[in-house]
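**Q** Chain by chain, the residues run as shown.
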Amino acid sequence: MTSTAIKFSFTQLATELERVRTNTPLVHVLTNEVVQCFTANTLLAVGASPAMVVAQEEVADFAALADAVLINIGTLYPERLAAMQAAIASANAAGTPWVLDPVAVGALRYRTEAAKAMLASRPAAIRGNGSEIIALAGGLGGGKGVDSTASSASAVDAALALARSTGAIVAVTGAIDYITDGETVYSVELGHPLMTKVVGTGCALSAVVAAFLADAPDRLQAVAAACALMALAGERAVECSDGPGTFVAPFLDALHIIHPNQLRQVAA
Amino acid sequence: MTSTAIKFSFTQLATELERVRTNTPLVHVLTNEVVQCFTANTLLAVGASPAMVVAQEEVADFAALADAVLINIGTLYPERLAAMQAAIASANAAGTPWVLDPVAVGALRYRTEAAKAMLASRPAAIRGNGSEIIALAGGLGGGKGVDSTASSASAVDAALALARSTGAIVAVTGAIDYITDGETVYSVELGHPLMTKVVGTGCALSAVVAAFLADAPDRLQAVAAACALMALAGERAVECSDGPGTFVAPFLDALHIIHPNQLRQVAA
Amino acid sequence: MTSTAIKFSFTQLATELERVRTNTPLVHVLTNEVVQCFTANTLLAVGASPAMVVAQEEVADFAALADAVLINIGTLYPERLAAMQAAIASANAAGTPWVLDPVAVGALRYRTEAAKAMLASRPAAIRGNGSEIIALAGGLGGGKGVDSTASSASAVDAALALARSTGAIVAVTGAIDYITDGETVYSVELGHPLMTKVVGTGCALSAVVAAFLADAPDRLQAVAAACALMALAGERAVECSDGPGTFVAPFLDALHIIHPNQLRQVAA
Numbered sequence: 001m002t003s004t005a006i007k008f009s010f011t012q013l014a015t016e017l018e019r020v021r022t023n024t025p026l027v028h029v030l031t032n033e034v035v036q037c038f039t040a041n042t043l044l045a046v047g048a049s050p051a052m053v054v055a056q057e058e059v060a061d062f063a064a065l066a067d068a069v070l071i072n073i074g075t076l077y078p079e080r081l082a083a084m085q086a087a088i089a090s091a092n093a094a095g096t097p098w099v100l101d102p103v104a105v106g107a108l109r110y111r112t113e114a115a116k117a118m119l120a121s122r123p124a125a126i127r128g129n130g131s132e133i134i135a136l137a138g139g140l141g142g143g144k145g146v147d148s149t150a151s152s153a154s155a156v157d158a159a160l161a162l163a164r165s166t167g168a169i170v171a172v173t174g175a176i177d178y179i180t181d182g183e184t185v186y187s188v189e190l191g192h193p194l195m196t197k198v199v200g201t202g203c204a205l206s207a208v209v210a211a212f213l214a215d216a217p218d219r220l221q222a223v224a225a226a227c228a229l230m231a232l233a234g235e236r237a238v239e240c241s242d243g244p245g246t247f248v249a250p251f252l253d254a255l256h257i258i259h260p261n262q263l264r265q266v267a268a
Numbered sequence: 269m270t271s272t273a274i275k276f277s278f279t280q281l282a283t284e285l286e287r288v289r290t291n292t293p294l295v296h297v298l299t300n301e302v303v304q305c306f307t308a309n310t311l312l313a314v315g316a317s318p319a320m321v322v323a324q325e326e327v328a329d330f331a332a333l334a335d336a337v338l339i340n341i342g343t344l345y346p347e348r349l350a351a352m353q354a355a356i357a358s359a360n361a362a363g364t365p366w367v368l369d370p371v372a373v374g375a376l377r378y379r380t381e382a383a384k385a386m387l388a389s390r391p392a393a394i395r396g397n398g399s400e401i402i403a404l405a406g407g408l409g410g411g412k413g414v415d416s417t418a419s420s421a422s423a424v425d426a427a428l429a430l431a432r433s434t435g436a437i438v439a440v441t442g443a444i445d446y447i448t449d450g451e452t453v454y455s456v457e458l459g460h461p462l463m464t465k466v467v468g469t470g471c472a473l474s475a476v477v478a479a480f481l482a483d484a485p486d487r488l489q490a491v492a493a494a495c496a497l498m499a500l501a502g503e504r505a506v507e508c509s510d511g512p513g514t515f516v517a518p519f520l521d522a523l524h525i526i527h528p529n530q531l532r533q534v535a536a
Numbered sequence: 537m538t539s540t541a542i543k544f545s546f547t548q549l550a551t552e553l554e555r556v557r558t559n560t561p562l563v564h565v566l567t568n569e570v571v572q573c574f575t576a577n578t579l580l581a582v583g584a585s586p587a588m589v590v591a592q593e594e595v596a597d598f599a600a601l602a603d604a605v606l607i608n609i610g611t612l613y614p615e616r617l618a619a620m621q622a623a624i625a626s627a628n629a630a631g632t633p634w635v636l637d638p639v640a641v642g643a644l645r646y647r648t649e650a651a652k653a654m655l656a657s658r659p660a661a662i663r664g665n666g667s668e669i670i671a672l673a674g675g676l677g678g679g680k681g682v683d684s685t686a687s688s689a690s691a692v693d694a695a696l697a698l699a700r701s702t703g704a705i706v707a708v709t710g711a712i713d714y715i716t717d718g719e720t721v722y723s724v725e726l727g728h729p730l731m732t733k734v735v736g737t738g739c740a741l742s743a744v745v746a747a748f749l750a751d752a753p754d755r756l757q758a759v760a761a762a763c764a765l766m767a768l769a770g771e772r773a774v775e776c777s778d779g780p781g782t783f784v785a786p787f788l789d790a791l792h793i794i795h796p797n798q799l800r801q802v803a804a
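Top line first, the protein sequences correspond to chains A, B and C.
The C-terminal position of the first sequence is numbered 268 in the working numbering, with every residue numbered one higher than the one before it.
The C-terminal position of the second sequence is numbered 536 in the working numbering, with every residue numbered one higher than the one before it.
The C-terminal position of the third sequence is numbered 804 in the working numbering, with every residue numbered one higher than the one before it.
For the record, the hints were derived by calculation from the structure and aren't laboratory data.
One or more of the hints may lead you astray.
[Claimed, not checked] Chain A side only, calculated, beta carbon under 10 Å to chain B, not exhaustive:
| hint | residue |
| --- | --- |
| 1 | 28 |
| 2 | 40 |
| 3 | 253 |
| 4 | 255 |
[Said to hold, decoys possible] Here are some, though not all, of the chain B residues that point toward chain C, as calculated from beta-carbon distances under 10 Å:
| hint | residue |
| --- | --- |
| 5 | 278 |
| 6 | 296 |
| 7 | 304 |
| 8 | 333 |
| 9 | 345 |
| 10 | 349 |
| 11 | 415 |
| 12 | 505 |
| 13 | 507 |
| 14 | 521 |
| 15 | 523 |
| 16 | 525 |
No experiment lies behind these values; they were computed from the predicted model shown.
All residues carry an ideal CB built from backbone N, CA and C; glycine is no exception.
Bound-form chain A, shown alone (with noise of 0.2 Å):
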């Protein structure tokens, strides 16, 4: 790791939580056909109102009207794809901030080639596991399907230089998140591995990205406020759970309930 990693306080994810809590962010989900459910509950749950508008026909009128656009390439196929360059294309046409997560990226050559080209257009953000940011810094990812066999520590090098070479904010998830706008680097120690058994809390993570970007005003802090808020859930929730079955319920009253004034509370 080429940078010291700072670690990202409560204080600053209660002052990222109270703005998005106030402005609701209309967040136009184009994500993968397994996580779709769990995903707009979980930005009900954090306080954004959530959209999955998928057709061509639609695609670009829709991701003018929102606050933010997250593009998931888990279920890619050429009409997909198509739709969701067509969101970008408006997205940024608007100044409509967008997220990429690059779901199996270097498993898979037809995605891998696909999110590679979508770099071009400039993310705001990308959020992936160790596997998929290397695969996409142009690295040797490896992967186990949508797992990753690379620890976050080992690509946070990589995320730096992602984040150079787009400008976006890139967030690397895992055992430790590490988010960096290619300068300063921020890490997250939270969460429980049991999330790793619950299918859809990375996807859904990179769905609350795009809330929090929404009019952010600092967007390495928004970027690292949404890793910090869900992995924070993730450990309360686990404190109710005796499995993953057990764990969502719990996980998603946690990001309903967690309130800037308590975790003003929990930092002093």
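Let chain A serve as the given structure and place chains B and C on it in line with the hints.
**A** Quick look at chains B and C alone, frame taken from chain A:
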């Protein structure tokens, strides 16, 4: 509001629920990508039999076999729209009632035109939020993505006009639900705001409306009963919930457990 | 029934589960739109690694990487069917076992013909309800949408015939599950009727069958173990449930928590 609403009674709900539980109607569901699983679980909990058949190669055959059809346009693109039109034509040919859920109509032109064109095919019922019903009736509905910016009460006149012009039972749902055939207006004052933080409660309600319309002797009462059952189950679930995450499981349990005799006792 | 069924033992299940937990097989899932999230969570809870890759541009590459493939035809249309055929061809070329779940075969002609054509590509296993197995074996299966109108016991002869004609292990599931290679028949007398009120328990079972077939030394025992594990977890979940809503979370927990040594103690 040009009509005085009549409060829908638990005795009426008991009669309708008993009928659905006895018949276990087969409901052909064409709905959006986000809520399919929750919708299917809702129909099973109520006592219906759901099937999500969407291929153009199969929809006409299946709509003719089904006892009711739901058309929810939340995910709309040309292939899915063509499948929906084929299902509607087949349902009409078989005398099978079909329900229209005009998700986000008013906010996006493609789906607004598609939904308005469907009205000529005479849905048995239309279920939407205030913004959607106002937009479908020809007004400026507004709406923020899939969420309503108009109260249900402000949409009752639009619901009456829409019922009269289409011949459908129209349900406009929100803090209070209003159900009308263009003359009589029933109201359902149940439910809880937490339900708006859970994805798919409205979409699933539209599927339950379809289940109740199957072989219904009184369509107005059938649609009102569907609204009342879902809102009542929601109230009960909130009592066992700490937030939107822990809401879903007891909500489905309540739908499964609520018994006509229990409703008659509450009413007595 | 032309064969006497042998009760599958917890000792056998322990052996199979230990193998799956050690290998964490990568399961390539092509399934219907309704159950993808629940299926993925089920595979993670069991100890496998799911990936839902569906694009024609990617399925052949991914099926060759995977340890097993599931083909569930619940949502079938030409593009998805072509992707399934490509995945099957790639799995066969790589010597990777693939599982067929013939959802609603018998009720609809398009999928019935598609499923029957797939039999020539020699699935390692077929998992269906009574109506589906009878229809696939060439009889009149009936079925009400996706639900069976035939008991599993009434379909054992069809299962034996289907196993003999295709070379697949055939599992016909219901109140009792029967699993056969065309000679031996195992029975699993576990589970609970409440599982029929929860969407996707059958579809998820088929995915678990695929996980257990990965590198299995004894395919008959592997398929029976998958059925036994799911039914046992269902029984345990029902003890913690008030209805179909509260069933899902403890079901996934039970799949995650059940340990081979615990099974050996129960068996002793």
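**Q** Does residue 304/B meet its interface restraint, that is, does its C-beta lie within less than 10 Å of any C-beta in chain C?
**A** holds (4 Å)
**Q** Under 10 Å is the threshold here; is the Cβ of residue 278/B close enough to any Cβ of chain C for the hint to stand?
**A** The hint is violated - residue 278/B has no Cβ within 10 Å of chain C, the shortest such distance being about 20 Å.
**Q** Hint check: is the beta carbon of residue 255/A less than 10 Å from a beta carbon of chain B?
**A** holds (8 Å)
**Q** Hold the hint about residue 28/A up to the distance rule: shortest CB distance to chain B must be less than 10 Å.
**A** With Cβ-Cβ at 8 Å, under 10 Å, it holds.
**Q** Less than 10 Å between beta-carbons is the criterion; does residue 523/B satisfy it with respect to chain C?
**A** Hint on residue 523/B: holds, closest Cβ of chain C at ~8 Å, below 10 Å.
**Q** Hold the hint about residue 333/B up to the distance rule: shortest CB distance to chain C must be less than 10 Å.
**A** holds (7 Å)
**Q** Please verify that hint: residue 507/B, Cβ, nearest Cβ of chain C, below 10 Å or not.
**A** Violated: closest Cβ of chain C sits about 13 Å from residue 507/B, beyond 10 Å.
**Q** Using 10 Å as the Cβ threshold, decide whether residue 349/B counts as touching chain C.
**A** Because about 14 Å separates residue 349/B from the closest Cβ in chain C, which is outside the 10 Å limit, the hint is violated.
**Q** Holds or violated: the hint that residue 296/B contacts chain C, with Cβ atoms closer than 10 Å.
**A** holds (8 Å)
**Q** Given residue 525/B was flagged as interface, is its beta-carbon under 10 Å from a beta-carbon of chain C?
**A** Result: holds, 6 Å to nearest chain C Cβ.
**Q** Does residue 415/B hold up as a contact with chain C if the rule is Cβ-Cβ below 10 Å?
**A** Violated, about 23 Å.
**Q** Under the criterion of a CB-CB separation shorter than 10 Å, is residue 505/B in contact with chain C as hinted?
**A** Nearest chain C Cβ about 8 Å off; hint holds.
In the structure shown, a violation is registered for the earlier hints numbered 5, 9, 10, 11, 13, in ascending order.
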